[in-house]
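Undergrad: Sequence:
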Amino acid sequence: MTPDGTPLDAYLRELIATEGPIGIERFMAICLADPVHGYYMTRDPLGASGDFTTAPEISQIFGELIGLWAVQCWHGLGSPPALHLVELGPGRGTLMADALRAARLVPAFRAALHVHLVETSPVLTGLQRHTLDAAGVPLAWHARLEDVPAGPAIVIANEFFDALPIRQFVSQGGRWHERMVGLAAGKLIFGLDGEPAPGMTMRARDGDVLEVGFAGLAVTEQLAGRLARDGGAALVIDYGHAATGFGDTLQAVKHHAFADPLADPGAADLTAHVDFAALLRQARTAGAAVHGPVPQATFLERLGARQRAAALQKGAADEETRAGIAAALARLTDTAPKGMGSLFKAIALTAPGQPVPAGFETQD
Numbered sequence: 025m026t027p028d029g030t031p032l033d034a035y036l037r038e039l040i041a042t043e044g045p046i047g048i049e050r051f052m053a054i055c056l057a058d059p060v061h062g063y064y065m066t067r068d069p070l071g072a073s074g075d076f077t078t079a080p081e082i083s084q085i086f087g088e089l090i091g092l093w094a095v096q097c098w099h100g101l102g103s104p105p106a107l108h109l110v111e112l113g114p115g116r117g118t119l120m121a122d123a124l125r126a127a128r129l130v131p132a133f134r135a136a137l138h139v140h141l142v143e144t145s146p147v148l149t150g151l152q153r154h155t156l157d158a159a160g161v162p163l164a165w166h167a168r169l170e171d172v173p174a175g176p177a178i179v180i181a182n183e184f185f186d187a188l189p190i191r192q193f194v195s196q197g198g199r200w201h202e203r204m205v206g207l208a209a210g211k212l213i214f215g216l217d218g219e220p221a222p223g224m225t226m227r228a229r230d231g232d233v234l235e236v237g238f239a240g241l242a243v244t245e246q247l248a249g250r251l252a253r254d255g256g257a258a259l260v261i262d263y264g265h266a267a268t269g270f271g272d273t274l275q276a277v278k279h280h281a282f283a284d285p286l287a288d289p290g291a292a293d294l295t296a297h298v299d300f301a302a303l304l305r306q307a308r309t310a311g312a313a314v315h316g317p318v319p320q321a322t323f324l325e326r327l328g329a330r331q332r333a334a335a336l337q338k339g340a341a342d343e344e345t346r347a348g349i350a351a352a353l354a355r356l357t358d359t360a361p362k363g364m365g366s367l368f369k370a371i372a373l374t375a376p377g378q379p380v381p382a383g384f385e386t387q388d
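Mapped onto this note's numbering, the consecutive letters of the sequence shown carry residue numbers 25 to 388.
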């Protein structure tokens with residue numbers, strides 16, 4: 025960080041001074057994915073020494089259950105002899121490593137796999153290669169989902185959609201105005217576009233904020249179209265809301281605490297809550313069958329999280345380890361209003377006519 029702020033702070037101030045205010049979508053894209061100074065391009069953000077911790081880093085149970093979920097989907101596809109197992113935004117590779125370990129229970133499934141990691145961060149790609157070095161299955165890395173070869177696929181996206189850029193619109197005087205990032209006294213500030221956004225007719229009260237994740241909708245459309253064409257399933261787990269509504273959910277996280285989204289561009293994580301209803305609408309329109317959303321606690325319990333925790337505790341060497349297993353499971357399935365078990369939700373997409381995936385049986 026420079027004495028005057030982060031390198032991206034200086035870049036953004038110069039950009040806005042030259043071109044004028046920019047939308048939240050462009051601001052997020054620059055902060056997270058700038059090739060030189062973007063947040064995900066320059067660091068490992070996970071764990072105690074990073075800024076946040078994801079479910080696979082909390083407990084091996086999470087990735088193991090998803091691995092067995094993928095096995096069930098493979099059986100539903102008719103157990104094809106070749107299958108692409110794809111993860112979007114694989115973090116350190118922990119989820120995939122745990123999933124593949126659990127899948128050893130079904131040798132024919134592992135023998136069918138070609139694993140694809142869709143990742144843009146060179147730092148995280150290096151960590152994934154290290155984590156999966158002894159995986160024992162063919163591995164490939166891609167920068168984009170569309171680079172994954174055609175064919176039946178099972179796709180996992182855990183805490184992927186929340187980091188995709190969004191646009192925000194604010195209701196004012198019966199019209200919608202896009203929220204922008206501009207400058208005042210040389211500092212980054214939020215403001216509104218003076219011109220109403222075209223084509224927006226949704227009724228709202230003054231001050232209501234509508235978030236639209238066009239980037240996430242584009243990925244969903246592509247993913248659903250692929251599944252409808254080639255067969256397969258996708259599992260999306262993230263934090264967000266089950267119904268489309270109003271609210272400002274843009275947030276920055278730094279050192280495991282909330283921060284000002286404008287304070288340290290490129291040095292803090294930026295996310296927004298996922299609109300699962302919008303993703304499901306887009307997937308259905310693109311030809312996929314949709315399932316969920318299901319709270320994470322319900323989803324994991326239906327897959328056998330408590331039974332797996334009990335088995336791990338039975339094999340634990342000491343009481344401290346047993347207590348750690350219980351604490352991790354409690355964290356993943358906490359149903360308090362802001363607990364992971366309720367705030368995080370799961371949806372699934374499948375090709376039409378495929379069996380309902382495990383964990384979603386009573387949702388359809």
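Careful: at least some of the hints might be erroneous.
What the hints assert, rightly or not - Computed cross-link-like contacts, EDC-like style, restricted to lysine to aspartate or glutamate with a CA-CA straight-line distance of at most 20 Å:
1) Lys362 / Glu38
2) Lys362 / Glu344
3) Lys278 / Asp75
4) Lys278 / Asp288
5) Lys362 / Asp288
6) Lys362 / Glu325
7) Lys211 / Asp284
8) Lys211 / Glu325
9) Lys278 / Glu38
10) Lys211 / Glu43
11) Lys211 / Glu38
12) Lys278 / Glu43
13) Lys362 / Asp75
14) Lys278 / Asp58
15) Lys211 / Asp157
As the list claims (entries may be wrong) - Derived CB-CB ranges, DEER-like:
16) Phe282 / Asp171: 33 to 43 Å
17) Pro131 / Asp284: 50 to 60 Å
18) Ala334 / Pro59: 18 to 28 Å
19) Gly249 / Ala301: 31 to 41 Å
20) Phe76 / Gly210: 39 to 49 Å
21) Asp284 / Arg199: 21 to 31 Å
22) Trp165 / Ala347: 30 to 40 Å
23) Arg229 / Arg168: 18 to 28 Å
24) Ile213 / Arg125: 17 to 27 Å
25) Asp272 / Gly74: 32 to 42 Å
26) Ala347 / Thr225: 26 to 36 Å
27) Asp272 / Gly198: 15 to 25 Å
28) Ala287 / Thr359: 46 to 56 Å
29) Val380 / Pro131: 51 to 61 Å
These are computed hints drawn from the structure, not numbers from a lab.
For each residue, glycine too, the CB sits at the ideal point set by N, CA and C.
Undergrad: Can you give the numbers of the hints that this structure goes against, from lowest to highest?
TA: 1, 2, 5, 8, 9, 12, 15, 18, 19, 20, 23, 24, 25, 26, 28 and 29
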